[in-house]
Each structure stands twice: as C-alpha cells, then as structure tokens.
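Protein chains: 2
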Amino acid sequence: MFSEILQRIVEQTSGGVGAVLMGYDGIAIDQFFAPDEEIDLQMIVVEYSNVLKEIRKTTEILSLGEMEEISIRTDRFIIVIRMLNEEYFVALVINHDGNFGKGRYLMTREGFNLIEELS
Amino acid sequence: MFSEILQRIVEQTSGGVGAVLMGYDGIAIDQFFAPDEEIDLQMIVVEYSNVLKEIRKTTEILSLGEMEEISIRTDRFIIVIRMLNEEYFVALVINHDGNFGKGRYLMTREGFNLIEELS
Numbered sequence: 001m002f003s004e005i006l007q008r009i010v011e012q013t014s015g016g017v018g019a020v021l022m023g024y025d026g027i028a029i030d031q032f033f034a035p036d037e038e039i040d041l042q043m044i045v046v047e048y049s050n051v052l053k054e055i056r057k058t059t060e061i062l063s064l065g066e067m068e069e070i071s072i073r074t075d076r077f078i079i080v081i082r083m084l085n086e087e088y089f090v091a092l093v094i095n096h097d098g099n100f101g102k103g104r105y106l107m108t109r110e111g112f113n114l115i116e117e118l119s
Numbered sequence: 001m002f003s004e005i006l007q008r009i010v011e012q013t014s015g016g017v018g019a020v021l022m023g024y025d026g027i028a029i030d031q032f033f034a035p036d037e038e039i040d041l042q043m044i045v046v047e048y049s050n051v052l053k054e055i056r057k058t059t060e061i062l063s064l065g066e067m068e069e070i071s072i073r074t075d076r077f078i079i080v081i082r083m084l085n086e087e088y089f090v091a092l093v094i095n096h097d098g099n100f101g102k103g104r105y106l107m108t109r110e111g112f113n114l115i116e117e118l119s
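Residue numbers (the numbering used here), protein chains in the order written: chain A, 1 to 119; chain B, 1 to 119.
No lab work stands behind these hints: they were computed from the structure.
From the three backbone atoms N, C-alpha and C, an ideal C-beta is built for every residue, glycine too.
Any given hint could turn out to be false.
Stated by the list, open to error - With a Cα cut of at most 16 Å, we get these calculated EDC-like pairs of lysine to aspartate or glutamate:
#1 A:53 with B:47
#2 B:53 with A:87
#3 A:53 with A:87
#4 A:57 with B:47
Unchecked claim - What follows is a list of derived Cβ distance ranges for each label pair:
#5 B:54 with A:119: 30 to 36 Å
#6 A:4 with B:109: 47 to 53 Å
#7 A:35 with B:66: 42 to 48 Å
#8 A:11 with B:63: 22 to 28 Å
#9 A:116 with B:63: 31 to 37 Å
#10 A:96 with B:102: 33 to 39 Å
#11 B:101 with A:76: 30 to 36 Å
#12 A:14 with B:36: 20 to 26 Å
#13 B:63 with A:85: 44 to 50 Å
#14 B:28 with A:102: 23 to 29 Å
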C-alpha cells in the first residue's frame with residue numbers, strides 16, 4: 001500500500017513532517033502526515049509541482065540528463081522531491097533540523113517500492 | 001577575490017566541475033571551471049536562475065521561510081544553488097558521483113566569505 005510506504009519514509013526520517021505521492025498534474029494519489037503537523041503539505045506540493053515541470057523542461061533543454069531528485073531548503077523546512085517515472089513523483093517535507101541524508105536515503109530505497117506498486 | 005573563493009569550492013569538492021557567482025537577473029559576476037570541463041556552466045545557471053525566481057516566489061506564497069539552498073540531481077550532474085542575499089546566489093556543478101555533502105558544506109562555509117566580499 002502507498003500510504004504504508006509513505007508512513008515508513010516519514011517515521012524513519014528524524015524531523016519528518018509528511019510525504020505525498022503525486023502526479024505531475026498536481027493530483028495526489030496518497031499521503032501521510034506525522035500527527036500534530038499543521039502544515040498544508042498537499043498545497044505545498046501542488047504549488048511546487050508547477051515549478052517541477054519548469055525544472056524538468058530546463059534540464060531537458062540543457063541536456064543535463066534524466067532528473068532524479070530536487071531538494072529545496074528554507075530556514076524552516078527541507079522539501080525533497082524524487083521522480084519515480086514519467087508521471088509520478090514523491091515529496092517529503094522535513095523540519096529544518098531533521099535528517100536530510102536519511103530522508104534522501106529512504107526516498108531512494110522506498111522509491112523502488114512505490115514504482116513497483118504503481119506498475 | 002570571488003574567483004579564488006569559487007576555485008576553492010570547486011577544487012575541494014570531489015567531482016567539482018565549476019562554480020558561478022550570479023545575480024537573480026542572470027548576470028554572472030565571476031566563475032571558475034575545472035580544467036577540461038566542456039559543460040556550458042554559465043548557460044545552465046542562466047536558465048536555472050529563471051526557475052529559481054519561480055521557486056522563491058512559490059516559497060514566499062506558501063510562507064515556508066527564507067530560501068537557503070536548492071539542489072537538482074540528474075543522472076549526470078548535481079547542481080547546488082545557495083542563496084547569498086536578496087540579489088545574489090552561488091551555483092556549484094558536481095559530477096553525479098561527486099561528493100554532494102562536501103560541496104554543500106563548502107558552499108555554506110565559503111558563502112559567508114562571498115557575502116563579505118559582496119558587501
């Protein structure tokens with residue numbers, strides 16, 4: 001199940017806030033939030049999915065290779081976005097002082113499981 | 001000097017290809033390339049500076065805090081962009097198998113030196 005995989009990513013990442021599995025069209029397939037988190041994760045990811053399309057296009061124009069991952073760090077949060085295939089990506093929000101490296105590792109590992117479930 | 005700081009970042013990052021100090025208007029102040037690198041770093045950064053503006057705007061709209069860093073990973077390169085102030089950012093391109101962690105660390109450390117030189 002998607003939500004169980006997303007839950008694993010969030011709970012095993014120190015500072016994990018939530019994770020969403022989403023299409024490039026901005027429609028979420030599934031999501032998981034850590035309890036007591038008030039952040040509107042879905043809105044965040046919908047907004048970023050537009051930017052994501054721009055980054056993909058730019059990367060393609062510049063022949064920089066296949067996009068794998070984007071991370072955006074602010075003084076409050078870290079957002080890690082991992083491409084799964086042509087249609088879907090997974091996004092993880094971590095608190096600023098959370099474990100970015102662990103989050104990235106889990107996104108890579110569980111990304112394969114998500115791709116398998118999607119196919 | 002800017003170029004010496006950029007050179008330090010590139011040479012001390014395993015897999016470092018080049019670094020550019022640039023304004024959000026897409027005009028480069030200074031840059032450093034590792035010898036024998038054929039990648040058009042400046043074109044890459046100019047293209048991404050447009051996307052950067054979009055990401056900043058989205059981050060502002062969503063009240064996600066002050067933007068600090070963005071990284072974009074493809075199957076060929078890792079591009080790390082660090083905001084310096086309201087006007088300037090520094091971008092580092094690393095080969096896919098290079099040391100992302102070391103690059104991020106150096107961008108943070110040398111970022112302070114660049115800000116000092118800029119003021």
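Can you name, in rising order, the numbers of the hints this structure does not satisfy? The structure breaks hints 2, 6, 7, 10, 11, 12, 13 and 14; every other hint is satisfied.
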